[in-house]
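Based on the provided sequences and hints, a complete structural model is requested.
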Amino acid sequence: MREPAFWYRPRSPQSLVLSPLGALYGAITARRMAREGVDAGIPVICVGNYHVGGAGKTPTVLALTKLLRELGETPVVLSRGYGGRLNGPVMVDRMRHIAADVGDEPLMMARDVPVAVARDRLEGVALAKSQGATVVLMDDGFQNPRLLKDASLIVIDSERGIGNGKVFPAGPLRAPLQAQLARTDALVLIGDGHAANDVAAEIAKRNKPELRARLKPDAVSVAQLSGKRVLAFAGIGDPERFFRSLRACGLDVARTQPFADHHMFSQGEIAALAAEAKAEELTLVTTEKDLARLRGSEGLPDGIVPFAVQLEFDDPAKLRQLISDHLYKARERRFSRR
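Per the numbering used here, the very first residue in the sequence shown carries number 1170; after that it's consecutive.
Hints are computed from structural coordinates only; laboratory data are not their basis. Don't take each hint at face value.
[As the list claims (entries may be wrong)] Below, simulated SDA-like cross-link-like pairs (lysine to any residue); rule was C-alpha separation at most 20 Å, straight line:
(1) Lys1397 / Val1478
(2) Lys1235 / Asp1471
(3) Lys1447 / Asp1471
(4) Lys1235 / Arg1424
(5) Lys1487 / Ala1370
(6) Lys1385 / Leu1236
(7) Lys1374 / Ala1364
(8) Lys1447 / Gly1437
(9) Lys1377 / Ala1320
(10) Lys1397 / Arg1424
Remember, predicted model here, so these are calculated numbers, not experimental data.
So, in structure tokens, the structure goes:
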């Protein structure tokens, strides 16, 4: 779906009309979040967000994967596999699966880390443990109470924030903000914006840490596109953020084409983009997540350049200490129950 523009406006008639539905949905979700989850038996770190749509969860998961390995852990990512047809539990195999099977984000992440896809989180944990996982990294699922989380890191795009602060469908929030703040262990603010300052202040009141990070473009991707005029397209939560990132690297973005989040491209759409690029002597560029969706049974379309990014934290030592502390406490709790 495309996010309604009124979600990111302070006041709107649409939001006002939908507020009763939002209040009902929020009450149900908040009550559901309060349930006690099942203990996985090993530490579970959840990377989520307060609202629907993208904010940078996937790059955060990959950054945490690298950190956990440095700490001597064996992480396995657990994903619901949004957009995929397989219920799981199944380990993502990039040689066998496509995005229509397991979802675009799991397929992309499986290049760097083992990924278990399961609609039932408990079945997914069992599969992850069978693969030798010492830590489960949940990609999303913050509002799902099925599994006990030892730490929940919430990701927010600092330039977009949480919109009008109302609960779906009146706004982008998945549950009332206060209910979500109460279950947050750390806030990850991506970028240099100020739209999430109010949320950061609420987190500070609860003595929870705030971590600042930014998406750094891959040097090879930038070099590939340097000196070329590009046609950029993306079907992610915030395509404009992707387009801004390209321009911030000094790239010549001649045309842009946004699509809805998790958009499944048809052959006709890709052919039309390719024809437009050829006619205007442009180079097609998209995100790695979109490229994962384009990976069909017949392979990848020719002539499309993926633009890779990595998440870098302003204070890596702070993140390392945070994760180390939560792992220690998680294991201490389990040991004390024996």
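Consistency of the hints with the structure:
no., hint, result
1, Lys1397 / Val1478, "holds (19 Å)"
2, Lys1235 / Asp1471, "violated (31 Å)"
3, Lys1447 / Asp1471, "holds (12 Å)"
4, Lys1235 / Arg1424, "violated (35 Å)"
5, Lys1487 / Ala1370, "holds (18 Å)"
6, Lys1385 / Leu1236, "holds (17 Å)"
7, Lys1374 / Ala1364, "holds (18 Å)"
8, Lys1447 / Gly1437, "holds (15 Å)"
9, Lys1377 / Ala1320, "holds (11 Å)"
10, Lys1397 / Arg1424, "holds (12 Å)"
Comparing the model with each earlier hint shows violations of hints 2 and 4; every other hint is respected.
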